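**Student:** This is what each chain is made of:
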Amino acid sequence: MELVLALAIGVLTACGVWLILRPRTFQVIMGLVLLSYGVNLFIFAMGRLVTDRPPILDARPLEAAQYADPVPQALVLTAIVISFATTALFLVLLMAARGLTGTDHVDGKEPDS
Amino acid sequence: MRQVPLYLTLALVGLWLLLNAELSVLSIASGVLLALLLVLAIARLRPVRPRLRHVHLAIPLLATLLVDIVLSNLAVARVVLGLTRNRQARSGFIDIPLELSDPHGLAVLAVIVTATPGTSWAGVAPDGRVLRLHMLDIRNEDEWIRSFKQRYERRLLRIFQ
Amino acid sequence: MTTAVLPLWVTIPGTVLLALAGVTTLIGSLGLLRLRDFFSRMHGPSMTNTVAAGATLLASMLVSSAVAGRPIIHELLIALFVSVSAPLAAIMLVQAALYRNKARHSGDVTTDGSSST
Amino acid sequence: MSAVFGYALWFAQACIAIAMLNAMIRLFIGPAAQDRVLAFDSLYMNGMLLLLTLGISSMSTAYFDMALLIALFGFVGTVALARFLLRGEVIEP
Amino acid sequence: MIALLQHMLIVPILAPLLVGAMQLFLGERRGARIVCSLASVLVQAAAALTLLYMTTDAMPDIWTEGVGVYTIGSWPAPFGIVLVVDRLSALMLLLTSLVALASLVYSLAYWDRVAPAFHSLFQFLLMGLNGAFLTGDLFNLFVFFEVLLASSYGLLLHGSGVGRVKASLHYVTVNLLASFLFLIGVAMIYGMTGTLNMADLAGRIMLLAPHDRALFESGAAILGVAFLIKAGAWPLNFWLPTTYVAASSPIGAVFSLLTKVGVYAVLRVGTVLAAGNAETSFIDLGLFYGGAATVAYAVVGMLASRQLGRIISYCVVTSTGLLFMALGLRIDALTGPVILYLVSSVLATSAFFMVNGLAQRTRTHRIREAADVAPLPDITYAGFDITPQDPLSPKDEVGIAIPAAMAFLGLAFICCALLVAGLPPLSGFIAKFALLSTAVGHSADAGIGWHAWGLCAALITTGVATMIALTRGGLRLFWTSQGRTTPRLRIIEAGPAAFLILLSMALTAGIAPVMTYLNSAARSLHSPDVYIRVVNGTREGAP
Amino acid sequence: MSLSLIVILPFAGALIAAFLPAHARNAASWLSGLVTIVCTAAVVRLYPSLTAAEPVLRERLSWAPQLGLELYLRMDGYAGLFALLVAFMGLLVVLYARYYMSPQDPVPRFFSFLLAFMGAMLGTVLSGNLIQLVIFWELTSLTSFMLIAYWYHRADARRGARMALIVTATGGMCLLLGIVWLGSIAGGFDLDTVLASGATIRAHEHYPVVLMLILLGALTKSAQVPFHFWLPNAMAAPTPVSAYLHSATMVKAGVFLLARLWPALAGTAEWFWILCTLGLASLLLGAVAALFQRDLKAVLAYSTISHLGLITLLLGMNSPLALVAAVFHMMNHATFKASLFMAAGIVDHETGTRDMRRLGGLSQAMPITAGVALVACAAMAGVPLLNGFLSKEMFFAETIFAGEGPLIRIALPAIATLASVFSVAYSARFVHSVFFGRATGDLPRAPHEPTRGMLAPSALLVFACLLVGILPEQTIGPVLRLAVASILGAATPEFSLKIWHGFTTPVLMSVLALAGGSFVYAVLFRRSARAMAAAPWRAPLDGRRAFDVTMVMIVRVCERLTRAISSRRLQVQLLLIVVVTLATAAAPLLGASLPPGLALTRVASAFALLWLVGAACAIGAATQAKYHRLAALIMVGGAGLVTCLTFAWFSAPDLALTQISVEVVTTVLLLLGLRWMPRRTKVDELRRKSLRARARRARDLLVAVVAGAGVTGLALVIMLRPPVEVLKPFFLEHALPDAGGHNVVNVILVDFRGFDTFGEITVLSIVALTVYALLRRFRPAAESRGLPRAQREDEARAALASGEGLPGGYSLIPAVVGRMLMPVAGIVSVYFLLRGHNAPGGGFVGGLVMATGIIVQYMTSGVLWVESRLRVHPHYWIALGLLAAGVAGITAWFVAAPFLTSVERDLTLPLLGSLHLSTVLLFDLGVYMVVVGATVLMLIAIAHQSLRQSRKSSSADERAEIGVMPAIEADR
Ligand code: NA
Ligand code: NA
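So the protein sequences, as listed, match chains S, U, D, L, H and P.
Residue 53 in my numbering is what sits at position 53 of the first sequence, and the numbering runs on without skipping anything.
Residue 109 in my numbering is what sits at position 109 of the second sequence, and the numbering runs on without skipping anything.
Residue 19 in my numbering is what sits at position 19 of the third sequence, and the numbering runs on without skipping anything.
Residue 9 in my numbering is what sits at position 9 of the fourth sequence, and the numbering runs on without skipping anything.
Residue 335 in my numbering is what sits at position 335 of the fifth sequence, and the numbering runs on without skipping anything.
Residue 479 in my numbering is what sits at position 479 of the sixth sequence, and the numbering runs on without skipping anything.
Capping the alpha-carbon separation at 30 angstroms, the derived lysine-lysine pairs in DSS-like fashion look like this:
id : chain 1 : residue 1 : chain 2 : residue 2
1  : S       : K109      : P       : K626
2  : P       : K626      : P       : K689
3  : D       : K102      : P       : K626
4  : S       : K109      : P       : K689
If you are wondering where the hints come from, they were derived from the structure by calculation, not from laboratory data.
Quick caveat: nothing in here was measured; it's all calculated off a predicted structure.
Sequences are here, hints too, so could you generate the full structure?
**Tutor:** Set out below in structure tokens:
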């Protein structure tokens with residue numbers, strides 16, 4: 001399972017990096033979204049992988065070690081919210097830049113030839 | 001004080017109880033309070049309210065629907081898997097003359113149409129007299145329309161109009 | 001798997017329901033993939049929304065009732081929400097397809113949705 | 001019997017995953033934008049089913065809420081996309 | 001009283017937060033908003049002063065050893081989040097509130113009316129800055145970085161216009177990427193050590209097996225890159241000059257603090273890592289070379305610039321570079337002067353951004369940014385209860401005009417130029433001299449060798465380059481007579497710039513006690529065991 | 001009267017003068033006169049107290065002992081002499097300037113700078129701490145900059161000032177480094193300490209570098225070759241400035257310092273060679289160049305360079321007697337040169353020109369000026385009975401004894417004599433061509449004698465030249481002895497100041513110089529004046545062009561370098577960040593071994609298939625994002641869904657819930673934005689095919705793949721390592737008993753690490769406010785300004801926003817169902833909010849559900865319809881949410897606990913049973929409200945942009961909406 005998740009993180013990161021290196025604002029925002037998935041999964045993976053043991057204390061008596069680590073989950077939650085906010089901001093910025101500069105190039109002008 | 005829409009409030013309280021999977025004085029009280037608050041807060045967003053009559057007819061309607069869902073699933077599965085006995089499925093739009101005009105009744109009809117695979121809602125004519133559906137496999141069109149109106153539209157008319 | 005503790009009255013219908021759900025989902029998705037035109041393709045996924053979802057929900061209700069030791073029926077809410085919200089998506093999609101087919105016949109919409117992007 | 005139930009669960013999950021794969025292929029090949037949106041909607045519904053099967057396999061009610069949320073709001077994305085195709089914008093004046 | 005003082009640590013974070021939130025209720029009542037903002041900044045300054053006083057161990061019943069700790073939610077470190085104040089952070093808090101005060105007052109003349117929510121965003125920025133200086137938790141540091149960055153996006157975009165939007169696009173993208181790196185770094189550190197608390201971290205590093213340690217240090221290195229981006233180190237800083245030029249002048253003034261947050265983070269986390277004997281402790285010769293490259297970049301950029309604002313931006317970069325060079329030498333005695341230089345350069349560049357803003361008006365009568373507004377009418381925000389107003393109407397020019405505007409501007413310009421170039425007699429010189437003499441004094445130490453001379457050369461070179469660039473920029477601005485108008489300066493604009501300059505003068509005059517404080521701040525930085533002991537001490541008697 | 005008064009008073013005067021009104025010429029003059037008189041008097045009064053027993057006056061004030069800085073004023077014979085020179089010359093220049101400056105000039109500013117300069121100069125000479133000396137030193141550079149640029153409207157003044165500042169201040173910085181270094185060798189910056197450790201310093205391995213640095217400072221200040229060029233260009237300054245700074249004081253600071261540090265630095269071969277070479281070069285080049293100038297002041301400037309070269313040469317000779325001569329010549333040069341500058345100023349003032357080709361025969365009109373200039377020139381030329389002669393004699397004598405080898409023994413005197421020849425020649429030319437000979441008659445003004453105020457200072461200086469020249473032993477003798485003694489201490493040589501020492505070689509040299517000079521001027525120069533005036537080597541010596549070219553080159557080169565080492569392109573910046581990160585992250589891993597015991601676990605096939613979908617979606621998005629935005633958007637949504645399912649798979653229901661809610665909102669958000677992004681056409685397809693573009697794409701692909709692989713590797717290895725459990729067990733053990741929650745993730749979010757959440761909701765609020773602010777001034781792209789095509793073509797357009805009731809057409813059923821969803825969303829959101837502490841959910845998810853419910857209303861019914869019925873006031877939601885969270889945190893203070901400590905009360909209600917109230921719930925409610933407010937604010941703010949549109953179009957072609965708009969306006 002770890003291998004699949006690690007590869008998934010890698011693919012998301014690679015696609016994200018590729019996209020943020022592209023010249024169009026929409027490509028960059030897509031890249032940022034993909035990167036945020038990758039990074040969130042990466043943080044999440046730092047708690048190691050546990051199936052079927054959400055850190056919710058119910059009637060089942062379990063050792064602490066058997067639960068999934070709640071800390072990275074809490075961190076990812078914060079990170080998700082912040083990425084959402086920044087995505088929104090970036091989107092509006094991209095709209096404003098397109099309107100003001102007349103191009104969707106990240107530098108606000110088309111590259112010369 | 002505006003008039004409180006009773007059915008909606010009750011439905012919301014039910015939803016609340018179902019969600020919390022708990023039946024206590026506190027949960028009912030909080031549910032009622034919450035439902036009333038919400039209903040009043042959004043009262044202006046629902047200018048048209050349904051006037052329900054013959055609500056009990058919903059039960060046979062539901063039963064019919066459940067049977068139809070299973071049957072239509074089978075039919076669609078056959079078409080998808082190509083098990084239509086050397087016959088090419090004929091898909092296309094069909095028009096159904098419509099008597100039902102209550103918006104909520106139409107909404108329920110849309111739910112029914114959508115819930116049965118093989119038919120999908122393609123819209124009501126501007127004058128509200130014709131309903132257009134898309135069918136995956138049109139066989140015996142007139143018979144199907146008659147049965148559809150019989151089983152669904154008539155009951156909805158009795159509930160909503 | 002922790003399902004070893006489940007009683008037979010759960011596992012037998014559960015097995016059937018899950019198998020049914022799996023098969024219908026698969027057929028539905030094949031419909032999405034194989035059918036010829038958009039309007040026909042729409043009927044495939046609605047199998048998933050109905051029988052597959054229903055079967056899974058029933059299985060889930062069985063299992064959670066067995067675990068909780070009392071009838072758990074809040075899965076019905078999912079069925080309710082799905083059946084209420086699915087028409088919205090379907091109606092809008094059909095309308096979009098109708099509009100875009102019309103527009104494409106008049107020749108000014110590309111196939112990928114970038115016409116107004 | 002529980003082993004059979006386990007296999008059934010596995011089967012259902014595999015079928016759902018394959019269904020998602022099919023939807024993904026439809027998402028890629030289109031050809032029209034509405035086909036992609038339909039595939040997207042299908043992905044969401046399959047995802048909801050997968051969540052339910054996960055809930056069954058863990059015997060936890062925690063997954064119910066996720067499925068509930070998809071059931072309640074999964075359509076919003078689809079409607080927004082369809083509205084965008086149909087009207088050119090998601091929220092009209 | 002003592003109970004109250006113990007909560008003093010949270011005040012610099014809480015005051016701006018609550019005030020910022022409350023201002024959202026005030027709608028169009030500008031007077032009330034201003035009062036709230038000023039009150040908040042003054043409260044922060046008072047809190048910072050109190051904390052500064054308390055870190056001198058003047059109140060032994062509360063804290064000893066110059067380190068104060070506050071367990072948020074009563075959860076002890078490393079489990080809960082703790083705020084920690086030591087001399088360095090107290091000083092940074094004070095610096096922040098002083099610069100903020102000046103910038104806020106300056107903005108009241110015009111800028112706070114250009115777009116909605118200026119005051120709230122400004123307060124949130126202060127919250128982010130103060131939080132970043134106070135927190136003792138790595139992930140919480142990330143959160144406060146985000147708070148300050150998010151508000152900096154808002155403030156940078158304040159006033160809109162092509163230039164700002166273009167610059168913001170770069171600034172935001174780079175910082176989003178930096179935030180991802182920050183997250184990856186923190187995550188790896190958590191993955192390898194299981195903790196997020198900085199003090200706790202120091203102890204855990206030593207327990208790591210060698211192969212795990214490499215992974216840990218890789219994570220720390222990624223974290224370091226994130227800090228370096230924020231601090232504006234070459235080659236991660238191309239966005240910086242454009243961004244700072246694009247910002248309105250009061251915002252530019254506050255922004256000169258932002259890079260120093262990066263420097264602070266390097267210093268803070270670096271000393272903790274060093275306490276854990278980590279190979280990658282940020283503060284090493286690598287930092288020196290990075291600093292040297294940054295200095296070279298800034299010098300070249302500065303000499304190539306014609307615009308005064310851009311020159312000042314490069315001055316900000318220069319100071320980062322010099323700070324990194326000095327820190328990279330790992331001479332403990334240099335840390336005191338490093339902090340002095342940091343403080344002085346922040347005061348100088350902040351004042352300079354303000355003076356630049358005023359001086360630009362000698363060229364164009366109307367404020368330039370005014371020309372850059374979208375021509376469409378304001379939309380009906382029926383839901384938001386806001387009446388659209390033209391933010392640029394002439395009646396907006398409020399306040400008392402000061403006499404001898406040109407004389408003031410010239411004098412202020414000279415003072416700022418002296419400060420950033422490190423020429424006598426202002427604090428810029430004292431700081432550079434302190435760096436020089438300490439570096440020279442330790443040049444014979446083993447392992448430092450020519451690096452110390454590299455720092456000396458950099459100090460001299462930056463001074464010369466700044467002077468050359470500024471004489472050109474200044475002459476262009478003040479002494480070319482075509483189309484120049486004498487600007488109307490108001491006291492609320494001129495005053496803040498003068499205030500910051502006077503502060504740096506006071507720093508020069510009262511350097512002896514300041515230096516004593518800074519040296520003890522440096523000592524406590526270099527003996528992080530006290531910091532660690534105090535933070536870990538919160539565990540005693542905890543659940 | 002104290003030393004500090006001497007230094008402080010001029011600065012105080014400067015400050016006062018700065019605030020005088022621009023036309024207050026007399027007030028400023030009186031003020032400056034007073035200051036200079038007091039300063040002079042103070043020096044005169046203190047000077048006699050310097051005795052053999054108590055040779056030094058000291059005043060110390062602690063400043064920064066940690067840095068070795070103190071305010072330390074120290075006056076000995078040498079410093080006293082210089083202080084006297086500075087103060088008295090200041091007095092004369094103030095007097096002169098009072099009459100020289102035009103009433104149209106802002107004279108107070110001039111006096112302000114002049115007094116500040118005087119203070120700096122006095123500070124320099126009286127400094128007992130070398131760092132303090134450097135401080136004042138740089139201040140003289142700075143004030144001189146202001147003085148040279150006094151007439152800043154003139155380009156030459158600006159250029160001259162900048163040149164002077166850059167050269168001297170750069171030198172000053174080198175000096176600073178040198179002094180710091182010197183101090184570290186000597187063990188302090190105290191002058192006494194440094195002077196006492198001469199042997200240590202000279203023996204130190206770094207001595208040559210230290211010497212170089214200090215000499216750089218001194219020689220730039222004293223305008224020595226090759227740094228001389230700034231001085232002629234500084235002649236753009238008003239003449240009083242030149243008289244004061246460029247003859248008497250500032251340029252002397254360099255040689256002053258060399259003499260001051262003589263005991264510490266002199267006596268080595270490096271000292272000898274550097275100073276003698278540069279001194280000699282300056283001496284000769286200055287003298288020669290002076291001869292060929294047209295401008296009166298330029299002659300004097302080059303002459304100054306030459307005379308300072310002479311002093312430098314003397315200082316370099318490593319002989320005490322040469323030092324005596326040097327100090328003596330410093331004084332002499334100051335007197336005659338200042339007088340000459342004043343005379344030049346008078347000529348300029350009275351005739352309106354300083355061009356020697358236009359001037360002539362002025363002795364007719366201004367005989368007294370002519371007489372003064374004649375005597376001063378004679379002193380400059382070294383004519384007997386004048387002070388210049390005495391020091392020059394001493395100089396000649398020293399040149400004979402200085403050298404070791406035969407070459408130097410001959411060359412040095414020879415060059416000295418040659419330089420003197422030129423010196424005599426330019427002196428002769430100065431006085432002859434201006435005051436004698438033929439009057440040219442084309443002067444701008446008719447010349448006449450100036451006012452006495454201008455003449456008196458010059459005359460007084462000439463009188464001093466005569467007095468010293470005739471009675472040296474009685475006038476300057478004791479002062480000079482005291483000065484030299486304070487430098488050399490016990491090593492002070494015996495010397496006699498006599499006019500006549502008998503027929504010695506120096507006398508011969510003097511005679512040769514006078515005769516030769518007269519000959520050169522009278523015969524050679526005048527005969528071929530025109531040819532010589534155009535001498536091609538004058539320009540390079542001038543340095544103006546070279547300086548300008550250098551400055552432009554610096555800009556050009558730096559511009560090019562900037563382009564080389566930085567970029568304004570975002571892609572380059574991002575690429576660099578990624579590459580630097582990869583390199584830095586890889587560095588610690590190089591050579592590290594793979595941790596042991598890494599074992600892969602079995603892969604669930606469904607999960608692998610899931611990520612096949614996810615990865616395909618991600619890659620698809622990466623390839624489609626440029627031209628097929630909608631497809632890319634959908635694919636990103638697919639990847640998000642798979643991410644969400646992964647969270648669910650690995651026991652993170654809270655994450656999955658949050659992710660799915662965020663996904664939905666993000667999709668709507670991006671689509672809202674996409675409406676304002678006009679279509680991309682494939683016009684640049686050709687460009688993509690170019691080789692360079694392909695290489696760039698290949699590079700980016702490589703970087704992306706490496707980044708992906710790196711992250712994969714790190715994630716995999718760390719996941720397979722056993723976890724270090726520090727926080728996890730604590731949270732799991734304490735969540736229920738101490739924080740009262742079953743859902744540990746939620747307990748962390750609202751209690752254990754609630755502070756993070758606090759920050760996080762603040763971020764959300766900030767971003768929402770920013771988005772809102774930015775959109776208020778949004779200007780859509782021209783292409784997207786009109787209605788979307790779909791709406792333009794669609795007849796059903798008016799259907800949506802009809803006043804009451806329900807929309808028609810296909811919107812009917814969505815509207816019916818959508819409106820029903822609103823209260824359902826409300827219930828579900830409250831459900832998630834309240835149960836969050838014990839099961840997946842919480843304020844964030846609850847808030848998003850509520851926000852989505854509201855957005856669905858907007859989607860199904862349109863902005864106008866919704867807002868005419870429902871006011872959301874998102875600002876208030878945000879503010880209330882933040883305040884609620886804050887209050888929840890502060891409540892802890894009332895139970896004497898730190899911020900955010902949870903406070904709980906069980907409330908027993910009649911009938912209903914017990915109600916558990918906790919600040920944690922209030923906190924979560926705050927989160928809920930912020931999320932609702934922020935999300936709605938952002939989405940609705942974007943949605944409102946179409947309203948902007950419809951308002952425009954409605955006013956343009958009066959569509960159906962016009963009936964609705966006034967209702968909204970009135971409603972507000
Ligand atoms: Na259907
Ligand atoms: Na002449």
